[in-house]
Structures are given as structure tokens and as C-alpha cells.
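Chemist: Protein chains in written order, with the working numbering: chain A, 1 to 160; chain B, 1001 to 1243.
Worth flagging that the hints you see were computed from the coordinates, not collected in a lab. Just so it is clear, CB atoms sit at the ideal spot from N, CA and C, and this is done for glycine as well. Mixed in with the good hints there might be a few duds.
[Said to hold, decoys possible] Covered stretches of chain A (chain B as the covering partner; in silico rule of three or more C-beta atoms under 8 Å from a C-beta of chain B):
id, segment
1, 33-42
2, 51-64
3, 115-127
Chain by chain, the residues run as shown.
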Amino acid sequence: MDSEFNRIFDLYNKDIYRLIYSYTLNKQESKDLLQETFMKFYKNIYKLPKEDLEIKKWLFKVATNCCKDHFKSFWKSKVISIDYKQINTSYIENFDSDFEDVLKKLNRKYRMPIYLYYYEGYKVEEIATILKENVSTIRMRIFRGKEMLKKEMEKEYEKI
Amino acid sequence: MKKFEKSYKDYFDNINLTKEEKMEIKQNIIKNKKNKCIFKFASIPTIFVCVFLIGGIIGVTANSLVRQFKVQDGNRVFIENDKLDIDISADILSESKYYTREALENLLGIKILKNSKIDNNFYKLGKNSLIANENKIAKVYFESVNNESKDAIDMELGFSLKTKYYNEVEETEDMWISGPTNVEYYYIKSLDTEAVIIESTIADTGPILASFVYDNLVYNIIAIKLSYNIEDVHNILDSYSKS
């Protein structure tokens, strides 16, 4: 059991972590949510599909739910905002902070569809299944989200 | 490749965990699962004896103290407060209004604890905190604001309540800090009740949260370590009194 868990963790932790990060834009929260996602995987390891790519999709679905639940609570969002202001800046220094600023301006509901489309290369229909949304909703979010990001990027470049 | 897509890919290529962080997460998961298994198969008679002995000791020292919260994974607090039997239209509350403690007591028909540190301050409806059902108040959170500037104070004191109109499946108010924490229980003598305090240990700037339940209102404190320490939080907790 542990060897299979280790194999899948090593194979997909990066992808799941990046998906979660695209939503939270916070390193510590993303680590917590990654742990929660793989905890669920470990509990359900015998009930899951055999194909690795199907497991990856299952992990994406679980990670999405974990992220949504995480931000549902009023209390969590309140504490996160304080936590974020106080702690997170130290981590951001390691990343491309201009692009991070652009991403922060994008509403959370657009971030995951864009990540799954542009980074993971999933089709709109597959993203709709992973995120449990209508195909048309996902298509619209990818389109609008990209337009918003492009506009914000242009503004950032103008500043330079 | 287009500029947008390239920037996007480059950015996420750099989002990685270190080897140590991955190892830590893996170990936490495996350890957590194994601990649960060990507990599951532990000898029932041993547990029975322990519960009996511990129960006896606690019974002698703190027979009246009932904790209305559960701490999970060292950084999540689930509060167990009952729903209040109040029947008030959600329209009477507004995010743009400021309320004195007395005004809120009259408006909601409840008793709110005094705190000598903030008694001249106002309360404000927490942003997006009002949950209504059938246009009645189902759940709400009020936060303290500074008397003169009407800005949120740097240590926030607030309280929340839920009513019989609250019917979400998850019947808990929960409090959470990301990352490693210290958890402490603090006895508030003036109220004969216990508060839970969670302190972020990740940085000198992280938050300290405290929470307790009194008359089914959940009182919360959010302080930033940059300006306050645990003793300050103890002092604030000790400043609560019945009105």
C-alpha cells in the first residue's frame, strides 16, 4: 500500500500542487491542501481506478473540492486574508512576482479552468467533468479569464 | 507560442515544493493513517480503564467545565454551539452600519459579553458573514471597529451566532490557521469557561486566534504576532465579563 501511495505521490504531487496553487496563490495553504488531497487518496487507495491518468483526474477532482471547501467558510477566508498579508509575502519573493500580481487580480473561479486548459492541456469537456460545471460555463470562464489576464499583463508591461 | 501562454507556463514551471517539503507531507500522511490504525486496534479493556481513571481525575478538578470545541490536526477548531431561538428579519442588519454593544443586544434580543478593552468601540457586520434563510438571520458574525476612525482595530474581537434558521449540513463554526501551530487551552476565570488559542509558529508575523463559547455565542480574537503575544491574548480573554 505504501509503495503504491509513494509511486502516485511522486508521479503527481507536482501537478496537484500547481493546480491548488493556481487557486490559492499561497504556498502554505497549498501545502496543507495537497496533504489533504493525498490523505483522501491514501484512504481510498483500493477503491480507485487502475489507470494512472484516471487517478490523476480523480486527484484533480478531490483537490478542487478541497479548495472549494477550504474557502467556503467565512472564518477561513477571514484568517487566510490576515495570514496571507502577514506570512505569504516571504514566499512570493521566489516566484515571478509581476505575474503573481496579475494572477491575484483574477477571480478564483477563473483560475482553475485556465490552469487545466493552458498548463495541463485538458479539453474543455474534461475540465467540465473535473470541476463539475457545464461545458459552456467552463468555455466562458477560460475565454473571459484569458482576456482579463491579457489585459492585466498589458497594464503591468506598460508600467515597465 | 503566444506571449500569454508562455508567461503562464513559465510561471507555473517554477511553482514547486522542495524535496524536504514533499518528504514531510508524505510522512504526515502515512503517520496519520498509521496512528489511526493503531488506535483502532488498541485493547478495549485498556481504553476502558484509562477513560475511567482520567474521567475520575477530571471529575474532581473540573466537574463543571464543558469544552464546546474540538481541535483537529493541531490547527483546525470546530465549535459546537447551539442554535439560538431568535426570529429576526435579516433586513435589519447592514454592512454599512455601526452598532454599539447595547444596540445589538436590543436588536437581537441577546446578551453580549462586555470587554473592558473595547467597551467604547462599535461592532460592524463581518463582510459577507450574514447568512439568511427565509429572509431571517441564520448565521452572522460581528467584528469590533475602532471608536473614532471606524476602522478595524489591529486586534479584532468579534462574535458569531447561529439561529434556528441555520440549516446547513455542517453544524460547526470553524477556525483555522495554515501551517504549524501551537494549541493552548486557557481558563477564563471571570466566565468559568475555557478558550482555545492557536498560535502560528511559522513566522514572527503570523496570527494568534482565540475562541470560546458563552451562552451559545462564539467569541473570537484575531491578533497578529507582530503587535501582540500570547500574554496579551490572555489579558484580552480575562477582560471579558458578563454585562
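Chemist: All hints are to be evaluated individually against the structure, with a verdict given for each.
Modeler: Consistency of the hints with the structure:
no., hint, result
1, 33-42, "holds (count 5)"
2, 51-64, "violated (count 0)"
3, 115-127, "holds (count 3)"
Checked against the numbered hints above, the structure violates only hint 2.
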